[in-house]
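*Asks:* The residues making up each chain are set out below.
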Amino acid sequence: MATAAKKASRTKADVKSASAIKTPPPLEFSKEDELEAYREMLLIRRFEEKAGQLYGMGFIGGFCHLYIGQEAVVIGMQMALKDGDQVITGYRDHGHMLATGMSARGVMAELTGRRGGYSRGKGGSMHMFSKEKNFYGGHGIVGAQVSLGTGLAFANRYRENDNVSLIYFGDGAANQGQVYESFNMAALWKLPAIYIIENNRYAMGTSVARASAQTDFSQRGASFNIPGIQVDGMDVRAVKAAGEMAVEWGRAGNGPVILEMQTYRYRGHSMSDPAKYRTKDEVQKMRSEHDPIEQVKARLLDKKWASEDELKAIDKEVREIVADSAEFAQNDPEPDVSELYTDILL
Amino acid sequence: MPIEILMPALSPTMEEGNLAKWLKKEGDSVAAGDVIAEIETDKATMEVEAVDEGTLAKILIEAGTEGVKVNTPIAVLLEEGESADDVGKAGKSAAKSSDEPEQTADAAGGKDKQATEEPTAKKDGASVPAAPKVEIAADPDIPEGTEMVPTTVREALRDAMAEEMRRDENVFVMGEEVAEYQGAYKITQNLLQEFGAKRVVDTPITEHGFAGVGVGAAMAGLKPIVEFMTFNFSMQAIDQIVNSAAKTLYMAGGQMGAPMVFRGPNGAAARVAAQHSQCYAAWYSHIPGLKVVMPYTAADAKGLLKAAIRDPNPVVFLENEILYGQTFDVPKLDDFVLPIGKARIHKTGKDATIVSFGIGMTYAVKAAEELAGEGIDVEIIDLRTIRPMDLDTIIESVKKTNRLVTVEEGYPQSSVGQHIATQVMQRAFDHLDAPILTIAGKDVPMPYAANLEKLALPSVSEVVEAVKAVTYRA
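Those sequence lines, one after another, are chains A and B. For the first sequence, numbering that gives the first Met the number 0 begins at 0 and goes up steadily by one. For the second sequence, numbering that gives the first Met the number 0 begins at 0 and goes up steadily by one.
Just so you know, these hints were derived from the structure itself, not from any lab. All C-beta atoms in this analysis are idealised placements derived from N, C-alpha and C, irrespective of residue type, glycine included. Keep in mind that a hint or two might mislead.
Unchecked claim - Coverage of chain B stretches by chain A, computed from C-beta distances (three or more under 8 Å per stretch; other residues unrestricted):
#1 147–161
#2 207–216
#3 219–228
#4 299–306
#5 443–456
Claimed, not checked - Partner residues are not named here, just some residues of chain A that face chain B (Cβ under 8 Å, in silico):
#6 Pro25
#7 Leu26
#8 Lys30
#9 Glu31
#10 Arg119
#11 Tyr157
#12 Ala312
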């Protein structure tokens, strides 16, 4: 307790300025890093494509927000974590869950509302959790996860462990009031909170320029002296570099940090969004010039760390995992009717 | 004309205090603003400043006197040119506190509850809530022969938190002014001293944010007690309470939930008008995944708060500022924990059943006294927990009395009483000999004016009339 009290008393010298950190250069990836990133990002890409298909076939209902295009963000960050670190995000959460190591079967079966899903079919696309993988949801209320994630960081501080909490939210959520209430407390109490703003340029159909007075999201913590940097969220090496720096910063007791991940979603906001608010050219340009998976693939081939055939084999293996999850998710029974009244109170 | 200095009210709920110390003696000259005395209340010691200047001619209440009623003359001040012979002709002067509770918390104070029913009592300021004459029925959860200790609701709540914090390292309390200020209503008094800043956490004025931080900490396995300075401010945070705390267990398929307590004063206080005066019992009782507790007595406050802190679910614990200072017997037990979800028969009776909870019980108890004088013997059930609701106890009582009146301070539409009425109608229709009557606050925002405020709240006479109506004695 004495240590905590000491940590809690901050002096002027402790206050880091909002520009205390600089965007690090992308990491040099080893062959193993590149292959891991390739495989993990591809799993999310193929999984989401399949989810889109199953939605079209009526197996998945309600809202379904696909992560295609943003894969480098969660994979790069996950590569910087250790066991015990927590992850929490909003409703565009399938990629985050797969990145934490949650099973494709469990996630897909939750999307189809079956008993083998992570929430036994009662949560759906936006509400999934895994205590085992330290994944705290999956939250459908835009911005709510920022306060909740700050609470996870609070628990780490309380327990005096060296875990950090990754709190993901979008450029849209970044305008919610409770985000700034949380920033204030996280900075005041020096919580190990890593705020990752996934700026995919559109809050549903509203572009950043039309919704945000300050479009440099890395500076959104300036009022609280929370340092922030902008990161190329399409380059998994840049994400991992920023992630490692942020995680180290948090573990060392420096308090919160903000990483603005500049990324892009290829699909609409949700399945029912035709994305008329942007041009096809804009999307095509991102896909052809900045695709996170193609970037890794090009490097692997260029350095002759993998052949086309070897990459195809990885793709095949990933497709099999996804096909298996889809098969499972379509055939797994719906929850027993008795589940209606379970898990309301303990 | 000589000026009488009166015992000041240092907070809206203060009814009496101890005159701890005189800092001026008879014959001293006094300037406006001089501290003349110190007064102790159950919340704090405060200084009394002179408003007028002159000579302190006579001290009427000696230092060390306890239980001095608000507005009692405590001294006489002579103005320039007046002599001691004039002492007897004193006019009144309101001394004011140097620590005037400009803090909205304190200012969001309660009222002399008795005065709402007996407005004449308020004028002379000399009334205190009478100890209920209705004998409180024994609580089967308290072993027979247990020593009982008179305790205020405020102390009982503090003791409950302190005991649970000693018992479980994961329990901590967070909220506005809970630590260094010792609680806006002094419920967390001395907790900072015992448990330190790590476990007694002052937050910025950030209800939405700190409620969410509390839920997140609970999801990670801690056991937060989140204090709202008043539940009126919980509306800033209601999304986190309803959408995050209450629903996570279900949405997570049982993997994780939010074992925590949201607590604070709820309902109308006194003269604080529309935005600070409403009861959230019905609001939160609507939500699956929450438990909602609203105690009346100090024993229930203690036993149920301890239960709430241990409960693995999110519990909304609704206190009442006017009850904080009231004293009840609390059993002297090492670990007094009461069951959530169980009503208590406050008084047995045979002619009609009154169901109430929290501050609503004060009307029920007084009505029962009046009715006893007219030969009507009512049974009073203190619901204690609003959700899950102990309907069985209500229905058993209705089977005996065949008549039911509910009493609450909240708004009438979709009220707790209406839910009870529906359930009893569906489950015990054949046992009813009269329509169920539901007494609630009026369907209006709380007005400020004293007379209108009184009209907006339920009254003892409304309860008396309702019982007479259901027993066909009207």
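*Asks:* Hints numbered earlier in the text: which of these fail when held up against the supplied structure?
*Replies:* 1, 4, 5, 6, 7, 8, 9 and 12
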